[in-house]
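> Residue numbers (numbering that gives the first Met the number 0), protein chains in the order written: chain A, 0 to 360; chain B, 0 to 360; chain C, 0 to 360; chain D, 0 to 360.
Among the hints, a few may not be true.
The list treats identical chains as interchangeable, and a pair is accepted whether it falls inside one copy or across any two copies.
Unchecked claim - Cross-link-like lysine-lysine pairs, in silico, BS3-like; alpha carbons within 30 Å at most:
#: 1; residue 1: K82; residue 2: K175
#: 2; residue 1: K348; residue 2: K2
#: 3; residue 1: K194; residue 2: K352
#: 4; residue 1: K2; residue 2: K175
#: 5; residue 1: K2; residue 2: K352
#: 6; residue 1: K2; residue 2: K194
#: 7; residue 1: K348; residue 2: K61
#: 8; residue 1: K316; residue 2: K61
#: 9; residue 1: K194; residue 2: K175
#: 10; residue 1: K82; residue 2: K352
#: 11; residue 1: K82; residue 2: K61
Don't read these hints as lab results, they were simulated from the structure.
4 protein chains.
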Amino acid sequence: MGKTALRGYHLDDIAIVPSRRTRDVDDVSTVWQLDAYPFRIPCVGHPSDAIMSPSTVVALGKQGGLGVLNVEGLWCRYEDPTKVLESLAGMDDEDSVSATRRLQEAYSEPIKPELVADRVRAIRDGGVTVAVRVSPQHTLALAPVILDAGVDILVIQGTLVSAEHVSTNDEPLNLKEFIADLDLPVVVGGCTDYKTALHLMRTGAAGVIVGIGAETVLGIRVPMATAIADAAAARRDYLDETGGRYVHLIADGDIHTSGDIAKALGCGADAVMLGEPLTRCDEAPAGGAWWHPAASHPGLPRGSFGSAEEPLGSLEKLLYGPSDDPDGTLNLFGGLRRAMAKCGYRDLKEFQKVGLVLDRP
Amino acid sequence: MGKTALRGYHLDDIAIVPSRRTRDVDDVSTVWQLDAYPFRIPCVGHPSDAIMSPSTVVALGKQGGLGVLNVEGLWCRYEDPTKVLESLAGMDDEDSVSATRRLQEAYSEPIKPELVADRVRAIRDGGVTVAVRVSPQHTLALAPVILDAGVDILVIQGTLVSAEHVSTNDEPLNLKEFIADLDLPVVVGGCTDYKTALHLMRTGAAGVIVGIGAETVLGIRVPMATAIADAAAARRDYLDETGGRYVHLIADGDIHTSGDIAKALGCGADAVMLGEPLTRCDEAPAGGAWWHPAASHPGLPRGSFGSAEEPLGSLEKLLYGPSDDPDGTLNLFGGLRRAMAKCGYRDLKEFQKVGLVLDRP
Amino acid sequence: MGKTALRGYHLDDIAIVPSRRTRDVDDVSTVWQLDAYPFRIPCVGHPSDAIMSPSTVVALGKQGGLGVLNVEGLWCRYEDPTKVLESLAGMDDEDSVSATRRLQEAYSEPIKPELVADRVRAIRDGGVTVAVRVSPQHTLALAPVILDAGVDILVIQGTLVSAEHVSTNDEPLNLKEFIADLDLPVVVGGCTDYKTALHLMRTGAAGVIVGIGAETVLGIRVPMATAIADAAAARRDYLDETGGRYVHLIADGDIHTSGDIAKALGCGADAVMLGEPLTRCDEAPAGGAWWHPAASHPGLPRGSFGSAEEPLGSLEKLLYGPSDDPDGTLNLFGGLRRAMAKCGYRDLKEFQKVGLVLDRP
Amino acid sequence: MGKTALRGYHLDDIAIVPSRRTRDVDDVSTVWQLDAYPFRIPCVGHPSDAIMSPSTVVALGKQGGLGVLNVEGLWCRYEDPTKVLESLAGMDDEDSVSATRRLQEAYSEPIKPELVADRVRAIRDGGVTVAVRVSPQHTLALAPVILDAGVDILVIQGTLVSAEHVSTNDEPLNLKEFIADLDLPVVVGGCTDYKTALHLMRTGAAGVIVGIGAETVLGIRVPMATAIADAAAARRDYLDETGGRYVHLIADGDIHTSGDIAKALGCGADAVMLGEPLTRCDEAPAGGAWWHPAASHPGLPRGSFGSAEEPLGSLEKLLYGPSDDPDGTLNLFGGLRRAMAKCGYRDLKEFQKVGLVLDRP
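Take the sequences, apply the hints, and build the full model.
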């Protein structure tokens with residue numbers, strides 16, 4: 000080619016290679032800590048209304064993960080979104096146009112700041128770490144009400160976020176200044192390459208999200224294995240340039256099974272953000288349907304709607320088993336623990352060094 | 000191999016890598032200018048009767064693109080091709096032999112020079128840039144009537160065109176002399192490689208079409224990403240050898256979604272020629288059916304007939320949205336604009352420098 | 000890998016790259032000459048009973064190709080194999096076990112030497128070049144009757160043939176001595192690599208068959224593009240070591256369309272052996288069913304049975320069109336001629352130099 | 000990638016390249032000898048209850064292979080497991096959750112040491128080499144009863160076994176000491192890489208199993224061709240470091256046809272462990288259903304259940320033919336013998352040197 004392009008690899012393109020002693024599964028730890036907040040498992044709930052309601056955020060927190068509520072989602076647009084969620088739960092993904100129109104309509108209702116405060120309070124009352132997601136576009140407008148409500152971790156997440164957004168119309172969000180002014184840890188993203196990851200780390204973020212959801216509509220596809228490994232290289236370089244500031248990488252996308260979780264961590268992620276896999280639990284607010292926040296965009300919806308499937312069991316069963324399904328969609332973190340044991344690693348940080356092999360899916 | 004072969008990449012094999020700051024979508028321009036003719040979007044309508052009739056050429060022009068009428072198509076063979084188009088609209092692509100026979104029969108009607116003049120006049124009356132397509136074989140015979148009728152841009156397009164065609168029977172078209180004698184911009188093609196692209200540029204053409212439609216029947220397949228990048232290398236070298244003559248590249252083929260448009264431009268194209276994607280608009284002359292001009296060849300038809308599908312909306316909706324389909328087939332150029340914004344580019348020329356990654360589809 | 004392996008390419012993995020001037024299709028010649036025998040097209044009929052009967056051998060000869068009768072086939076086992084062929088024509092490939100059993104049963108009938116003589120005579124009376132196929136195992140036994148009957152070209156073809164077969168039981172066929180004693184051109188094969196091809200050339204063969212049919216059962220798969228290119232390298236080296244003896248390469252397998260023929264020749268083949276594609280003609284002896292000679296092996300049948308499909312037209316239409324099917328299965332050699340014209344080549348020998356690109360199918 | 004990964008190849012990714020003289024199929028030997036025990040074919044029965052019962056272990060031994068009974072399987076949990084096997088034979092793999100639950104339930108019955116002794120005796124009475132499989136976790140507990148019962152070969156097989164297992168709770172099995180204390184040959188595995196294979200060889204094992212069954216749930220996938228070739232490199236190095244101790248490699252997984260067997264041996268294996276392919280014989284204890292021992296894990300079942308399919312014939316027919324199926328699933332070792340003959344090799348050790356080519360499946 001007159002123009003060169005490097006090859007990118009998906010999680011499906013790689014596999015873990017065990018090449019050390021094995022270890023007892025009971026000796027393995029999956030503990031993850033982000034800033035002052037410890038978690039039993041490196042699991043972040045994706046801020047889609049399909050899985051994260053105030054009550055499932057609390058449920059995931061109780062199970063040792065980190066739930067994130069989207070303050071631009073249905074729970075902050077409707078006093079009681081139950082009917083809207085029920086109607087979405089009934090949509091059929093065969094008819095993607097109708098499902099998309101229903102999403103666009105549901106999200107055309109304005110965000111209500113008072114609901115934001117209510118929802119945050121409900122989560123805080125649940126006794127778990129409180130994290131909410133806001134888009135870069137609305138961060139400045141929604142920050143006051145979010146901070147007043149008292150959150151522990153702020154997630155600023157767009158499909159693709161850069162450290163420096165250029166605009167001739169609005170005063171864009173200056174992430175570095177914004178984060179410096181806050182005294183709570185901020186997670187930002189997504190991003191897909193070394194350079195953007197490094198710039199996002201330099202904003203002072205505690206965590207960077209790797210992956211951008213579904214942007215195939217834009218010709219942007221993210222080979223996750225490569226994206227995580229590149230961001231991990233940025234983390235290493237940033238660690239060096241700051242003399243020791245460690246930024247967490249949260250892998251978002253391409254993760255369906257316990258094996259995918261193991262591979263994402265093996266590529267260098269500190270935690271995974273789970274969306275669609277969590278729709279299979281009994282507690283899912285939309286009865287098992289799935290959609291990405293970008294799927295409700297009024298002019299250019301991106302990301303398919305997935306219609307509801309039978310739940311596989313409780314959230315606890317999804318995370319910790321026991322499994323009665325041989326496909327790796329249940330006991331997600333028991334599977335991770337076993338993979339670590341089979342490869343002889345004791346904790347998540349060590350496991351990032353596991354050997355990988357390129358492989359056809 | 001005893002014989003060496005380079006690897007070619009399709010648009011599906013690559014993806015765009017955002018690696019800069021992001022930008023406001025409203026600050027992005029998709030303006031394209033070919034010679035003296037400016038266009039709001041880098042969109043050329045493929046001269047197939049399935050999509051380009053005199054009225055849709057005008058409609059596309061009004062929307063900011065460049066429609067092209069095939070002067071060897073049905074509109075210049077029949078006083079009123081409506082019935083022929085209706086009968087083609089009803090064909091089923093399951094039965095490819097019947098569809099092909101119907102095409103062969105429809106195009107066995109001779110071309111009527113007086114109809115050529117009529118159709119050109121109709122487009123001119125529509126108030127848009129007038130462009131017509133003629134095949135290299137018929138260029139010398141049809142040029143007088145075309146030029147008399149008064150066109151703005153002439154498109155000389157065969158499945159595969161070379162700067163020097165060799166024939167022992169006829170006096171072949173000498174493109175260089177022919178173009179030098181004209182005082183209007185000429186677009187020629189298709190071609191698929193550096194050498195042919197460079198030779199076509201040297202004929203004095205204002206634009207070169209990259210891609211050759213469906214020639215799998217001949218064992219010729221065009222990896223579009225590679226073909227565009229190679230032609231872009233030829234454009235660079237030709238720019239250098241002429242001290243500044245810039246020839247436009249129009250990518251024809253393998254483009255189905257807004258993402259594909261972004262990738263084609265990212266490989267180095269200046270504009271895209273859209274065929275099948277435009278069949279999904281309400282205005283499509285054959286009710287949504289699709290066929291390539293070569294599909295009606297009397298002895299060796301090439302290119303499948305695609306039977307009519309439900310329209311997705313008006314031409315305007317296809318080009319500019321709003322979309323209610325998450326697959327990227329609506330709001331084609333709104334999607335392009337958003338891709339440019341996400342990658343931080345302001346205009347099309349800048350966007351040709353965007354990073355690419357090799358990726359399995 | 001501790002053990003290294005080169006990558007092999009199939010015809011489907013490559014495509015032709017036009018990169019020269021184009022040429023009039025009427026100025027292109029597809030003439031092929033093997034020893035003293037000229038042919039209008041480089042087409043050899045595969046010696047399977049599914050396509051080559053005495054009458055279709057004559058028909059193919061009349062059309063300018065070279066038909067080959069299998070003297071170990073049904074026509075030399077049964078006085079009148081019509082009923083056997085009809086019963087095979089009715090078999091369903093869904094039930095591969097029944098089809099295989101029927102084949103095994105049909106071929107358990109012994110070969111009758113007097114029928115061999117009869118069949119050869121019938122072909123000779125048809126006024127075409129007479130070629131028959133015999134397996135290496137039966138060459139010594141059947142040679143006298145074949146030679147007495149008077150054939151022009153002898154094809155010694157097994158799934159895989161080596162210049163030196165080792166046996167502790169029988170006196171194996173010494174190809175070099177056998178061929179030296181004959182005064183007619185011999186074609187031998189199949190083979191799949193440089194070394195075996197070179198050794199087969201050194202036996203004095205006029206032609207070498209590249210490709211071995213269906214041996215996936217044995218773990219042997221033939222990437223045809225690589226196999227042809229390797230054998231072409233052997234031909235070049237043998238040409239050098241003999242000071243000018245040119246051995247023809249006949250590509251057998253992986254060829255379904257006119258495009259595949261063009262690619263096989265572009266890789267270096269002099270002619271193609273067509274089996275399954277010819278089953279689609281009206282004249283096919285088994286009504287369109289297809290099986291490879293090895294598919295009737297009593298202990299280890301190899302190669303699937305393909306049940307009869309609707310014929311696409313006469314043998315003449317298959318070879319020379321006109322086509323009314325856009326898939327390249329009709330007008331096979333008209334398509335080849337057009338591919339040569341599009342790439343600017345005048346004859347087959349020149350066309351072997353055409354550019355190739357590696358490409359996913 | 001910031002992290003590098005080598006490419007791994009599956010058996011499906013490679014093919015055998017014949018490049019020597021051919022040989023009579025009757026001159027080829029498939030004899031394999033492990034320690035003092037000679038076998039007519041390099042075939043080990045996978046210790047899954049789906050195929051290996053006391054009677055099929057005897058039947059496989061009589062046919063010249065090595066059957067292995069799982070002492071942690073149903074035959075050592077139930078006095079008469081016939082009903083359990085029948086109920087499993089009736090399960091449908093469409094409903095993988097029900098099948099998995101039934102497996103988990105069936106294997107929740109405790110292992111009965113007295114049954115272990117009974118089963119070993121039954122096999123010994125059958126007059127064949129006695130081999131049983133035990134997991135590393137239960138080796139120390141079950142070894143006394145196994146050894147007392149008198150076995151010839153001990154197979155210590157987990158999905159993934161390392162020479163040094165680390166545990167803070169239990170005294171783990173020290174393979175090296177354990178094997179040194181025994182006076183019978185031990186086969187251990189599975190493993191997937193050079194390093195683990197080498198360490199397992201250093202435990203004194205007579206054979207090492209390459210392949211780990213189905214661990215995709217854990218993100219571990221084994222490209223078998225690469226795994227075998229890597230283990231063969233370990234064997235070579237171990238041979239050198241010990242001055243001549245040859246450890247046998249038994250390939251387990253990814254093997255479906257005679258061609259796969261040939262490829263596994265061509266990569267360097269000494270024998271193959273066959274599981275699912277043997278379910279197609281009349282004698283299969285679960286009527287043709289298939290499951291991997293790990294599929295019944297109480298908390299994290301791995302490996303799909305395959306519901307029963309029609310048997311293809313007797314075990315003898317599966318191994319030695321005659322075949323009436325062209326897919327290579329019958330006459331598995333007749334096919335191997337023919338592949339060796341086509342490539343000109345006389346015995347298995349020589350055949351490990353056969354040429355390979357990388358190829359898309």
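> Does each hint fit the structure? Answer for all of them.
Hints and how they fare:
1. K82 to K175: Neither: 40 Å inside a chain and 65 Å across chains, both beyond 30 Å.
2. K348 to K2: Answer is between: at 15 Å across copies they meet the 30 Å cutoff, but 37 Å inside does not.
3. K194 to K352: both (22 Å within a copy, 16 Å between copies)
4. K2 to K175: Between copies only: 29 Å across, 34 Å inside.
5. K2 to K352: Between copies only: 9 Å across chains, 33 Å inside a chain, cut-off 30 Å.
6. K2 to K194: both (20 Å within a copy, 16 Å between copies)
7. K348 to K61: Intra 23 Å, inter 52 Å, cutoff 30 Å: intra-copy only.
8. K316 to K61: Within. Shortest intra-copy distance 13 Å satisfies the 30 Å Cα cut-off; inter-copy 47 Å does not.
9. K194 to K175: Within one copy, since 16 Å is at most 30 Å while 47 Å is not.
10. K82 to K352: neither (47 Å within a copy, 47 Å between copies)
11. K82 to K61: within (26 Å within a copy, 43 Å between copies)
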